[in-house]
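Enquirer: Sequence:
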Amino acid sequence: MSIGAAIGDLVHSFYELFASILGGIYNTFHAIFAAFFGLFNGLFVLIGDVFKGAFDVVGGVGKFLISNIVIVAIVAAGCFAYVRYQQQQGRSVGAAPQKKTI
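The number in the numbering used here is simply the position in the sequence shown, starting from 1, with 206 added.
Calculated from the structure, these hints are not laboratory results.
Since this is a predicted model, take the numbers as computed values, not measurements.
Ideal Cβ placement from N, Cα and C applies to all residues, glycine included.
It is possible that part of the hints are untrue.
[Said to hold, decoys possible] Pair by pair, the computed Cβ-Cβ distance ranges are: (1) A279 with A241: 51 to 59 Å; (2) T307 with G254: 45 to 53 Å; (3) V256 with P303: 39 to 47 Å; (4) N247 with Q292: 57 to 65 Å; (5) A279 with A240: 31 to 39 Å; (6) T307 with F246: 53 to 61 Å; (7) V267 with T234: 28 to 36 Å; (8) A237 with A212: 55 to 63 Å; (9) N274 with F239: 46 to 54 Å; (10) A237 with F270: 41 to 49 Å; (11) L249 with P303: 44 to 52 Å.
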């Protein structure tokens, strides 16, 4: 009975060795594929977060301008009045002339 048990244990050991090798190979390939697909998923999430952040910034600036529309309108009216006044006085409204350097 001990020879039969020894042969059974030997066969079982070879089976466990073979199963461990195959399990290791499977886990290695699974980890490589998971890392590869995780990288691409991370890139798509990054791009989405960048666009979401940009839209949040633009929306925040828009909300700020809308909430301060009266002040913006007063500044715009003042600029318009200044330009009209300068044109009526016969002065040119535009960029300052370039300085000449020697």
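Enquirer: Provide an ascending list of the numbers of those earlier hints which the structure does not satisfy.
Expert: 5, 7, 8
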